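Peer 1: Sequence:
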Amino acid sequence: MDIPFLDRWRKRQDTSFGAVTFSEGSEGAEGRAGLTQLLSECELLRSQVSGAGLRLDDSAASLEALDQLLPRWRDDEETLAWLGNDAGLYLGTVVVRTVPGAGWEIGPGGRPVVRLASGREIDVVSAGHDWAGAGAPELSQLYAEIAED
24 MDIPFLDRWR KRQDTSFGAV TFSEGSEGAE GRAGLTQLLS ECELLRSQVS
74 GAGLRLDDSA ASLEALDQLL PRWRDDEETL AWLGNDAGLY LGTVVVRTVP
124 GAGWEIGPGG RPVVRLASGR EIDVVSAGHD WAGAGAPELS QLYAEIAED
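Heads up, the final residue of the sequence shown is numbered 172 in the numbering used here, and it's a clean run with no missing numbers.
Derived by calculation from the structure, the hints in this document are not laboratory data. Please note that the accuracy of each hint is not assured.
What the hints assert, rightly or not - Per label pair, the in silico range of CB-to-CB distance: (1) Ala140 - Glu100: 33 to 39 Å; (2) Asp98 - Thr59: 30 to 36 Å; (3) Asp99 - Ser149: 16 to 22 Å; (4) Glu171 - Ala75: 18 to 24 Å; (5) Pro160 - Pro123: 18 to 24 Å; (6) Gly124 - Thr102: 29 to 35 Å.
Every value quoted in this text rests on a predicted model; they were computed, and no experiment measured them. Glycine is no exception: its CB is placed at the ideal position from the N, C-alpha and C atoms.
Working from the sequences, and respecting the hints, build out all of it.
Peer 2: As structure tokens, this is what we get:
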């Protein structure tokens, strides 16, 4: 994958959540497209769900399907942390691709957040961790609330 601004961004691990954070990077369309591409990968989540026969197509319906999965990952703390991160990024990806005016921003502490057209910022990574750890709130329910904003 060729993302020109990636070499200027520094990834660090937030050990309390197992989340990836970023420092300030390039602005503009190229930077935003690269950020969107990077954050939409969600490799661990896609790998885990493909084993269960689910294909993530970046749609609201796929969030409903994720909510129906048996949470086998909860027994493994390391997987739980990274899967929660990916679940949040996937929720954000669906929002950015389907809700008009939504886009990725780098929020406080370098964490990726989704900014809605209304200006509201959603910490999707925290929401993903809540979902992976407890199953609630459901990703599809969060999406519905966000899409109404």
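Peer 1: Looking only at beta-carbon atoms, does the pair Pro160, Pro123 fall within the given range of 18 to 24 Å?
Peer 2: The hint (18 to 24 Å, Cβ to Cβ) holds, given that Pro160 and Pro123 are roughly 23 Å apart.
Peer 1: Between Asp98 and Thr59, does the beta-carbon spacing fit 30 to 36 Å?
Peer 2: 32 Å, holds
Peer 1: When you take the CB atoms of Gly124 and Thr102, is the distance between them in 29 to 35 Å?
Peer 2: With a Cβ separation near 34 Å, Gly124 and Thr102 satisfy 29 to 35 Å, so the hint holds.
Peer 1: Lying within 18 to 24 Å: is that true of the beta-carbon distance Glu171 to Ala75?
Peer 2: Violated, at about 29 Å.
Peer 1: Does the Cβ pair Ala140, Glu100 satisfy 33 to 39 Å?
Peer 2: 37 Å, holds
Peer 1: Has the hinted range 16 to 22 Å been met by the Cβ atoms of Asp99 and Ser149?
Peer 2: The hint (16 to 22 Å, Cβ to Cβ) holds, given that Asp99 and Ser149 are roughly 20 Å apart.
Hint violations for this structure: number 4 only, all remaining hints satisfied.
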